[in-house]
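S.K.: Each chain, written out:
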Amino acid sequence: MRLELRGITKRFGALVANDHIDLVVEPGEIHCLLGENGAGKSTLMNVLYGLYTADEGEILLDDAVQSFSGPGDAMAAGIGMVHQHFMLVPVFTVAENVMLGHEQVKGGGVLDLDAARARVREISARFGFHVDPDAVVEDLPVGVQQRVEIIKALSRDADVLVFDEPTAVLTPQETDELMGIMRQLRDDGAAIVFITHKLREVREVADKISVVRLGKIVGEASPTATDAELASLMVGRAVSLTVHKDAPVVAETGLTVDNLVVTSETGAVLVDDVSFDVRGGEVLVVAGVQGNGQTELTEALIGLQPNVTGSILLDGKELAGRSVREVLDAGVGFVPEDRTHDGLVGEFTIAENLMLDRADGPPFVRKGALQLAERDRFAREKVAEFDVRTQGIEAAVGRLSGGNQQKVVLARELSRDLRLFVAAQPTRGVDVGSIEFIHKRIVATRDAGVPVVVVSTELDEAVALADRIMVMYRGRVVGIVPATTPRDVLGLMMAGILPQDAEGGAA
Amino acid sequence: MTAATVEAPKAPEAENRRIAPVSWKSAVTLGVVTALFAVLLLVAPHAGDARFALSTSGDFFIIPVIVVPAMGTAWGCLVLAALAAVGAGLFTARGLRTPAWVPGVAAFAILLGFLSWAAAGSPRDLSIVGLLSGAVLLSVPLVYGALGGVLSERAGIVNIAIEGQLLAGAFTAAIVGSLTDSPYAGALAAVLAGMLVSLVLGLFTITYHVNQVIVGVVLNVLVIGLTSFLYSQVLVPDAATLNTTTRFPRVGIPLLENIPVIGPVLFDQTIIVYLMFVAVGLVWFALFRTRWGLRVRAVGEHPLAADTVGIDVVRTRYNALLWAGAVAGLGGAFYTVVSLSQFNREMTAGAGFIALAAVIFGKWHPVRAALAGLLFGFASNLQSVLSVVGSPVPSQFMLMVPYVVTILAVAGLVGRSRPPAAEGIPYVKG
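Chains B and X, in that order, give the protein sequences.
Residues 1 to 507 (my numbering) make up the first sequence, in order.
Residues 1 to 430 (my numbering) make up the second sequence, in order.
Hints are computed from structural coordinates only; laboratory data are not their basis.
One thing to keep in mind: the hints can contain errors.
A few chain B positions that, by computed beta-carbon distances, are all more than 12 Å from chain X [as the list claims (entries may be wrong)]: (1) 117; (2) 184; (3) 275; (4) 364; (5) 372; (6) 483.
To give an idea of the interface, some chain X residues facing chain B are shown, with a C-beta separation under 8 Å as derived from the structure [what the hints assert, rightly or not]: (7) 289; (8) 305; (9) 311; (10) 315.
Idealized CB from N, CA, C, for every residue including glycine.
Chain X with its partners taken away, still in its complex shape (with noise of 0.2 Å):
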């Protein structure tokens, strides 16, 4: 073989060369939903003014209540919205991509019209704080949620069964929040009943291989099962010693909480979402920055190459689950122990399939998936605030838009997501 010695001729490229593919999506989809909102406004004027609050009476600082004339700002909205649109489409339109703050704005400006037109003419103040804040109370669980599906799907397990982690969480805290009147106890319990839920999905998916499809559903359906029997024959009867729970108090942080609308919003809650703030950037910490988190999602990209390494595949999958067991069944106490001071029957309604549509929608990515519950709990709050001022909206319609948006937001705006390359597969060592 000469070749190799020999002088080497001019190298060759050594990438493929990249169409970028012109995608009309995101363009598309604001134009349609800047017209359904002007179809809205036209079809439905709305007169009279939208008086927004900015701040609540017990606030440091008043802020005096902001009064706009409400289609007039809807239209202004409006026109910010389709020149959003105009612009991603020029975006497009040249081959470039539609920079983040561009369907941002036309979000923020629908948001803002939306909010004009459903509160004009009412008589009561739209409070923005509540609005935020009720939010984030809202996304408690699905955080939570979320996380716990983060950590078991970057594993390799898929995780269906958040359902039944919150709920088992919900209810364990309530009995023991009750017998024990503190509700630490309460979250405690939530925890290790989360973790047990895991075990179950662990034993069944990782050491027997079953579908993890399949027994997550499965899980959830006993889940729900059980608690509501346990509610109904054990709860009811006696629910002033089994099912009263004091609730965590609300811990303003010095200072922080006085600051205009985030302070109230973000620093006078209780220590379930401070938890839950921190609960977000430990796991990202774990997952990327640590031995742990790298031998986690080894095992959930590709488990044989791990296992050559010397990483015991099935026992790492049993410790992320278990995590992620906990970090749901954690998100379960708030419904008992923050929320609610009781448990009722299915009382989590559907939060942990939200959850898991939050996983997805944030791309495995705690941090992004911690943001996409956020934006579904804001979701949710909005229906019930609105309701507050009196929209015109039926509530039945408002009832679903914490639905749509997961909906839109999963199916239309996730863009490419890959989920971890191995996650679903059992691992059968050879």
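Isolated chain B, as found in the complex (with noise of 0.2 Å):
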């Protein structure tokens, strides 16, 4: 089926989301729509599924004009989509899920599961899924769970198929598995529409790119195109790709994290016997799949998880079963996963936000009133500093753009004296002219002989700012690996496999 877009505007308030985008999609066909996070994409897809009703535009469908008041109708005009968040219930088993909504019945509206069972796994036969649709999808690892949300789109024989950054919770071997079976589709006639902001699976997969920036479709590619042009379509200037650092100067001191084990409420072992160190001066990032036990080792780091044994030991110092308060007056700065929930005041202001660690005492309290001159001095100052984009240091945090909330946050972690700074995903959701400015600070930091440790998923991060590269799978370290490891031999670590194995399969 092929798909037509025409001239969709979607505004929220005086947010323009997208401009007049026109799109022409043809069965057949991967058509990949590039563009930074917050450039429009999901939301274009949101008004195609018929979650948004598009302020002007229409959908055209094999020519045919379209109008949909919910997903209900986008799906039964043969739309499919495999979304960001997968749509699952988790605590539904896969066939549910693949049901749910088109319920087969027998007589009195009883559930036919068996009917259910079969689809799923017709449809996991055709493609070589290994999908069993009696497991509990809250079960399954994420690869598997994105399976089901394909199988859900195609047992509704869905001719027009979104993926909207479906790569983002895989490792590289699932993500090229992905790409295959998208080619499959294509090749079985379905039209494919294929969101992203990753350079590398772009040019891998498509057979056209649209590159959308702030809400406009501002140009096309071959699949041929440099990373560099590619990049300089999506951020609208040029930029740099790679982060230039100094070969590391190592203190003697540092961070050194021995047995350390994290437990769930409910004795899943989130963090599994985990050791290494970090020197002054160096940058050790934490690789590996979202969901392997990162956040609960930074937290643990933090003093924010509650079931911890080990030692984690900061310049001889035990930090391990110490409150947060203590873990941050030793000198550790956090930049949390979550930013927007865990790192920011959203109704805050950002000079507020940036005293938010001190308000205990001196120079921003004293006998129990705020200093507001000193935090708004420090306010200026920092805003300055960190280059952040705002109309005042009055403004609320939670209107910043994700760049700027994050040059907040590592404004406030950065400006005290630290002996340690950890970042988890600190550039996740974050402008491309942003992360520039976010890694050269991070590399400054390791330059000034702090020991830092950086979670990422990304593995072009990863080697990008690494001295050394610790790979976690199922809360286990995989591996202690130099920043000069092969891609592939990473990617196979990220799947749990050890590293010499993997340089042997990945020869």
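Take the two lone chains, each set in its own frame, and fit them into one complex as the hints suggest.
M.R.: What follows is the structure, encoded as structure tokens:
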């Protein structure tokens, strides 16, 4: 089926998320929508899927104008979507999730689960998925959950398939497999829209590329374009994709973590006997697919996890079992993974957020009263130093873009006298321009002799920033390797394969 | 990318290692309860025999009254409970999960021992049948209320308004039942009244996204105020025509009603009680075996996912909530066309909140919630049976029993329970 979007415009208040977007996707073609986070790609797809109503413009399928009042209509018309955040009910089985919304029933509205199981098995067999229809979705690895999403779309005979940032949660190998599936679907005659901000994937799989910036289609590119060309189209100016850093000057002391175990309330071991050290002046990147214990590891370092055993020594001082306050006072700076929830108070101003961790005494609080002049002076200084683009320090932090929010977090954490800096996913959801800046500051912190731990799920970032890379899988350390390790070896390590085996496998 | 094509090295383990959390909760709880019971026996020994009657004079089979020496039985039961506590401790020490029968044995032993102690020396027989059949009767509004709670909470709406639904049902059943002289008409009216309360709850929580707990509490207060006002202004002056109902008669089921103990407890009841057992099964079947139930549970767990597959979240939630109101309203009819034949001010006396506790204790599962309702009903009836026998415990303490059991059950024994993920969160479409 041929999909055509004509002049789609979607506004949220004053913000124009989509500005007269035209797009044609032919059957048997993978059309890539490339753009930064916040460029308006997901909004466009939600319009296509009937979740949002467009303010202007029309959607055509095989030249017939469609009007969708909800996702049900879009699906009935043959549009299927694999959502960035999976639209699966975690406590349901695979079969229940696949049948939901178009259940086959026996008499009296009784579910025909056998029919649903058969449908799952049939589609699984067709594409070589190994998905058990009776498995409960929350027990499945994310890669398999994504296949359930694909099965869900296919079980409704979708002819137009939209993949919204599908690789964010996958290992490089799973990503390759997904690309294979997308090609197979294309060869079956499906029209595929592939939304991403990752250049490598685009060049690998796309038949056509449309670049979106600030809600507009700013150009088309061919899959043979170079990374630099695509990146400059995406950002609107030339960008540097590499991080310049000198050889590390490593100090004697630093962070030493020994036999760290973090357990969840239900007894799952989230960080499993992890030991490593980071010396002053070096960057250790913790790589791995999202959800393999990196979050819990950083939270344990800062004192946010309740069930921790093992030791965390910073310059010979034990941090395990200390309160967050004590850890911060020991000189630890922390950029949390989810800045909007854990890093900032969205309704507070920039100035308030910048002093949030020092509200217990001078210089910002004297005799129990806030020192507003001191606070504002400090805020103005940091806004200038960290290049936060804002109307003023009184602006609510929640109104800033992702990149500027992250700069506020960074400014706060780096403005103390640090002995250790921990940054979890520092560039997630951040525009390319800000990424450059954040990387420079992280390298500057390392060059100042501070041990730095960075968690990243993006292999490119890991390789660019790291002096050494520690790969985690299922809570365990698969290996700690130099940053010069080949990408495919790192990829296999991210799937849990030990480095010596991985080198053999990738050779 | 060569990696995907080469022979894959050995597959890594797919799961995180697990450390089973060691919980001493059940062992410690059993130990403490056993110790408390021992203290009771030591401090207030109670000589004499305890007389347990297993049948009533009209029964088909007459079982003679069982007479046991009270203190001997009580101490024997205490030893059994202590063994169970030690057993639970041994299981836990070895890192094993304590099987469910261990606390079960302990609970039964303590209960039996307590009954022997309380009934000791009383000239009256302690009627086991009366204890159990009264328990079933008292649990009727709790079970209906809990089913109503399960239905709405599975769809993602916190139902604090069960109390209001019960009370509205009781009030309407009284008026309609009195006017028509038909308990059936009264019960039907109660169903409609419960649905009306649900409709108001839905209007504010689903359509206008008001906080569900607040609306529920306000609705309870509203129903209490409204029924109390109408009771004193309308029902009391004209009680003969407006507040005198005909009650449902007991209908014995042939043959089954002749089984000793079980017969009079389960098979010689009113139609509302039979309907209650049917309703438990029906709600379970509807929630877990039908298309309707799958969609209700989907909007309670992940409404956005349900929306993206074309399910109308708002309609589904209204639908489940109206059913919930109907079931809870029917439970309210129990007060005025089964138990009594008239309405009294605030006669539900917090049963709706106990039903809410039963929902949580039952982990949002209709069968378990119904069993929890039966347990709470049993605790209520224990109090009245013991006061008939003339137990030495002050009646004020006995009146607390059902509520203490509720608190203990919900706070301590419930274990890990997970409410529907989207419960209490209004669904606002993008």
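S.K.: Next, verify each hint and record whether it holds.
M.R.: These are the hints, each one checked on the structure:
No Cβ of chain X approaches the Cβ of residue 117/B within 12 Å, the least distance being about 14 Å, so the stated non-interface status holds. No beta-carbon of chain X comes within 12 Å of the beta-carbon of residue 184/B; the shortest separation is about 14 Å. With a minimum CB-CB distance of about 16 Å to chain X, residue 275/B clears the 12 Å threshold, and the non-interface call stands. Here residue 364/B stays apart from chain X, with its beta-carbon at least about 35 Å from theirs, past the 12 Å limit.
Interface exclusion of residue 372/B from chain X stands, the closest Cβ pair being 34 Å apart, more than 12 Å. Distance check on residue 483/B: its Cβ is at least 19 Å (rounded) from any Cβ of chain X, clearing the 12 Å threshold; non-interface status holds. Interface restraint check: residue 289/X against chain B, minimum CB-CB distance 6 Å, threshold 8 Å, status holds. Restraint check, residue 305/X versus chain B: the minimum CB separation of about 4 Å is within 8 Å; hint holds.
Hint status for residue 311/X: holds, given a least beta-carbon distance of 5 Å to chain B, under 8 Å. For residue 315/X, the shortest C-beta to C-beta distance to chain B is roughly 12 Å, which exceeds 8 Å, and the interface hint is violated.
This entry does not satisfy hint 10, going by the numbered hints stated previously; all others are met.
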